[in-house]
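Chemist: Chain residues, written in single-letter form:
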Amino acid sequence: MDIQFAGEHLLPGRIGQFFIVLSFGTSLIALISYYFATVTKDKLDLSWHNLARFAYRLNLFAVIGIGVCLFYIIYSHYFEYHYAYAHSSKTLPVYYIISCFWEGQEGSFWLWTFWQGVLGCILIVKAKSWENSVMTVISLSQFFLTTMLLGVEILGVKIGSSPFILLRQAIDIPIFSRADYLSLIQDGNGLNPLLQNYWMVIHPPTLFLGFASMVVPFSYGIAALWQKRYSDWVKPALPWALFAVMVLGTGIIMGSFWAYEALNFGGFWAWDPVENASIIPWLTLIAGVHVMIAYKNSGHSYFTAIFLIIISFILVLYASFLTRSGILGDTSVHAFTDLGMSGQLLIYMFAFIILATVLIIINWKKLPITKKDEDTYSREFWLFIGAIVLVVSCIQIIATTSIPVYNKIFGASIAPPINVIQHYNKWQIAFAFAIATISAFSQFLKYKKTDVRKFLISLGVSFVMAILLTAIVVYITQIYQNVMYVLMTWAAIFSILCNARLLGDAFKGKWKLSGSAVAHIGFAFILIGALIAAANNKVISTNNTGIGFGDEFAKNNNPRENIILYKNEPTKMAEYTVTYLGDSTSGVNTYYRVNYKVINPEGKVKENFNLYPNAQQNAKMKQIIASPDTKHYLLHDVYTHVSSVPLKEDEHDDHEGHSDDENYQKPIIHEVSVGDTVRFRQGFLVVKSINKDATIKDIPLTKGDVAIGMNLEIEANNAKFKAEPIFLIKGNTKVDFGKKVDEAGLKLRFTNILPEKDKLELTVYEKPKEDKRDWIVLKAITFPYINLFWGGTIIMIIGFLLSIFRRAKDVKTA
Amino acid sequence: MKKSSIIGMIIIAIAIGVIVSTYADSSTYGSFSEAKETQKELHIVGKLNKSKEMVYNPQQDANYFSFYMIDNKGKECKVEFTGTKPQDFEKSEQIVLTGQMSGGSFQANKILMKCPSKYTQDKIEVTEFKANKQANI
Chain A
1 MDIQFAGEHL
11 LPGRIGQFFI
21 VLSFGTSLIA
31 LISYYFATVT
41 KDKLDLSWHN
51 LARFAYRLNL
61 FAVIGIGVCL
71 FYIIYSHYFE
81 YHYAYAHSSK
91 TLPVYYIISC
101 FWEGQEGSFW
111 LWTFWQGVLG
121 CILIVKAKSW
131 ENSVMTVISL
141 SQFFLTTMLL
151 GVEILGVKIG
161 SSPFILLRQA
171 IDIPIFSRAD
181 YLSLIQDGNG
191 LNPLLQNYWM
201 VIHPPTLFLG
211 FASMVVPFSY
221 GIAALWQKRY
231 SDWVKPALPW
241 ALFAVMVLGT
251 GIIMGSFWAY
261 EALNFGGFWA
271 WDPVENASII
281 PWLTLIAGVH
291 VMIAYKNSGH
301 SYFTAIFLII
311 ISFILVLYAS
321 FLTRSGILGD
331 TSVHAFTDLG
341 MSGQLLIYMF
351 AFIILATVLI
361 IINWKKLPIT
371 KKDEDTYSRE
381 FWLFIGAIVL
391 VVSCIQIIAT
401 TSIPVYNKIF
411 GASIAPPINV
421 IQHYNKWQIA
431 FAFAIATISA
441 FSQFLKYKKT
451 DVRKFLISLG
461 VSFVMAILLT
471 AIVVYITQIY
481 QNVMYVLMTW
491 AAIFSILCNA
501 RLLGDAFKGK
511 WKLSGSAVAH
521 IGFAFILIGA
531 LIAAANNKVI
541 STNNTGIGFG
551 DEFAKNNNPR
561 ENIILYKNEP
571 TKMAEYTVTY
581 LGDSTSGVNT
591 YYRVNYKVIN
601 PEGKVKENFN
611 LYPNAQQNAK
621 MKQIIASPDT
631 KHYLLHDVYT
641 HVSSVPLKED
651 EHDDHEGHSD
661 DENYQKPIIH
671 EVSVGDTVRF
681 RQGFLVVKSI
691 NKDATIKDIP
701 LTKGDVAIGM
711 NLEIEANNAK
721 FKAEPIFLIK
731 GNTKVDFGKK
741 VDEAGLKLRF
751 TNILPEKDKL
761 ELTVYEKPKE
771 DKRDWIVLKA
781 ITFPYINLFW
791 GGTIIMIIGF
801 LLSIFRRAKD
811 VKTA
Chain B
1 MKKSSIIGMI
11 IIAIAIGVIV
21 STYADSSTYG
31 SFSEAKETQK
41 ELHIVGKLNK
51 SKEMVYNPQQ
61 DANYFSFYMI
71 DNKGKECKVE
81 FTGTKPQDFE
91 KSEQIVLTGQ
101 MSGGSFQANK
111 ILMKCPSKYT
121 QDKIEVTEFK
131 ANKQANI
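Heads up: the sequence lines are chains A and B, in that order. Following full-length UniProt numbering, the numbering of the first sequence begins with 1 at its first residue and continues without gaps. Following full-length UniProt numbering, the numbering of the second sequence begins with 1 at its first residue and continues without gaps.
Okay, chain A solo, but in the shape it has when bound (with noise of 0.2 Å):
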């Protein structure tokens, strides 16, 4: 039986489908024409041309609709649709709608298509003699991408994950089976609070044009074996290389400094599996571009220049199965879950590893390979080495962050290193001082044959006062624990000075170079700044205060990281002395103020400012979600973050079967009369007087009626307060009033009066001894040099802007 249900809103999600089936089927159009186009003998017949180059633009034109059905449902908030209802909800903020997009796998499915649409319409217009052949590579491409979108199940296999599907056929349970099952549910389960961040909303489309551009080289490099132009390809596939390097690299950066800004890991890189994923394929990609030029000006290097550029790509695929098949859930802490589309990914990445494998095997004798050797002191030869050294360095990083994948293959249960920082760190470092010292030297080097006795003179000067340099930055930041954290910072001032000397030559004229001169300089600077921000980031929270524990567990282990800050109560913290006062509260986050003073020997105020660590809390989930905050120095930064704040929730919980009285400790009753002093933990109270014609709000007192008020004077915490519980008799029951004196942590009851005693019921409930003062649970780091870090990248931004302008003018002088 069919139910009609009510309220949904059905077009939207049918239009969006519409548009999810023409994009899959123009870039099926797309891809035959083009190949077609491409292996027409009559060079005249444009008609497959033409036929597919108007695919491929409704192609992006499909594209363009489905993100547009997605963000009106979105914004409409349609919870009857999957994605909205459980990537968004009512409160959120219009800006945060667009990372909804990109927190479920469809909608970053769709981020990667509609780039590659974009990329592709650009070649459309640019790539001249390369259309046909380039596109058909790039249209094989977007027809996966498409199928990953399609949500239809062909022969019992579900191919592709729609983001139009409907809550009620995403789900299973019985509220579906009513019809006006919408009118239940009220909001969307909300976007995760990590990002809910102005980072998220443009590092992953940074990220994904990265990916999406890596195509181009690629597709450049397969069109060059298909088409037998072996040698052409490497000019305009160029100023693309290097495009699809600095945006990659630049997205990677910004996930770096979302971390850093918005999640409570306490650094800027650490190894995840996921950073990993996006930055192997970013340093084979490096790699790749440096043989290129290599080639271009010597004719040296020509397979690895190839296989490279083609490697980089089939290594975005490798990260995207990596990251979206969950294979990676025992070892990182951000990987996609499954789709169950692993299959799926798998096909996409093999048909182009079989279609390159097959390619370079055919072509292989007619390969433009010299058999000569590169002469030691000339410049391809270094570029080669460099590039080896990254793809080393690449390996590496591959190898252990592929464990999962060997456990899954082999049925083993190898676990990751136990110290995983450690284990990068000690064999980057030594790869990275080696691209350092290549990167450095090799600029003095020409192309073919370099005057050896010139080189070694002009590389001398840079060589000494490099060392001179060296010596004064690891005195100044104290990084000498380590031989090679010595070595890996004289290799990136010599490459900042051999490169410096590069850029000067560039302003007498010789403005070729000035690209790679300031590219190198920038990636000199962000070696040096994570170097030293990562050997020397210093944890101030230390606390040695801990009971529980023998010294010889603390010598054992990590030191405490953590210090307990409670309210108005000042701490020391390496040179500043820190003091919690207070929270406010701001939509769903919580602030902590955190006042940070430096004090001089003689008591004077030199620096004093506030922190606002945040957490979001959440009451139904029980958790809280702590964001840091960070005072940035010129020369280091103050990192702060809450690691645990007493939960909110339960003061406000009056429902059934609690009350507040439960907030207290037990009772304690005492007999009193006038004069008597009541001693309690913080303090003491005397009861002054008795109130006969006590006066209760909103209850009148008619005639019968007895009201007593009993004055009570309250010491505690140093202050005074007082309180007038009431006792009332009304007809013939006994009512009783308490006062809360929040201050000293009190509620008085009166409670009874014993004539036959001549004494007076008061009963004081007193807050148990932890709730009385408000506390946090910080932890602060100090990021010493980490704006090299940064400064570093926009530098080296720069740099790769400069060699796109120049490689892209190449392409049109040619």
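Any given hint might turn out to be false.
[As the list claims (entries may be wrong)] Here are the simulated SDA-like cross-link-like pairs (lysine to any residue), alpha carbons at most 20 Å apart as the crow flies:
no. : chain 1 : residue 1 : chain 2 : residue 2
1   : A       : K720      : A       : K692
2   : B       : K40       : A       : V605
3   : B       : K2        : A       : Y377
4   : B       : K3        : B       : S21
5   : A       : K408      : B       : V96
6   : B       : K78       : B       : L48
7   : A       : K408      : B       : T28
8   : A       : K408      : B       : K78
9   : A       : K692      : A       : T702
[Unchecked claim] To spell it out: a stretch of chain A is covered by chain B in this simulated footprint if at least three of its residues, at any positions, have a beta carbon under 8 Å from a beta carbon of chain B; those stretches are:
no. : region
10  : 393-401
11  : 405-417
12  : 562-568
13  : 734-744
Simulated from the structure, these hints should not be mistaken for laboratory data. Every residue, glycine too, gets a C-beta built ideally from N, C-alpha and C.
Put chain B on the given structure of chain A with help from the hints.
Modeler: Frame of chain A; chain B shown alone:
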């Protein structure tokens, strides 16, 4: 010999180094009984025993958290962790610990938990308008 063959050999040497190092650094998934017999640090997968008490008392020590976990082989052990209690710990479905045994309890230095997060699970919260009651399905 050609330079490229020398380079090739160096790469192979480093690659072997990488694989050996990955293998040497890698740890194993084990159980509490295995942890008792070794001094090595290892990973233990298990579930929180919700019926036993969890101790986290920041007023006494902000860096001490203890609880009981049952490993995949069904053995229970007390776990001590130098740090704060992860906030939604009670809700965890699965816990992965790294650390070693010391004097009858397992000293964890890292806790990774899997939670049935509301952001990944299809759990629908229905609000009945009139009765003003909340029910979870």
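Chemist: Among the hints numbered above, which are violated by the structure, and what are their numbers in rising order?
Modeler: Numbers 1, 2, 4, 8 and 13 - these are the hints that the structure violates, sorted from lowest upward.
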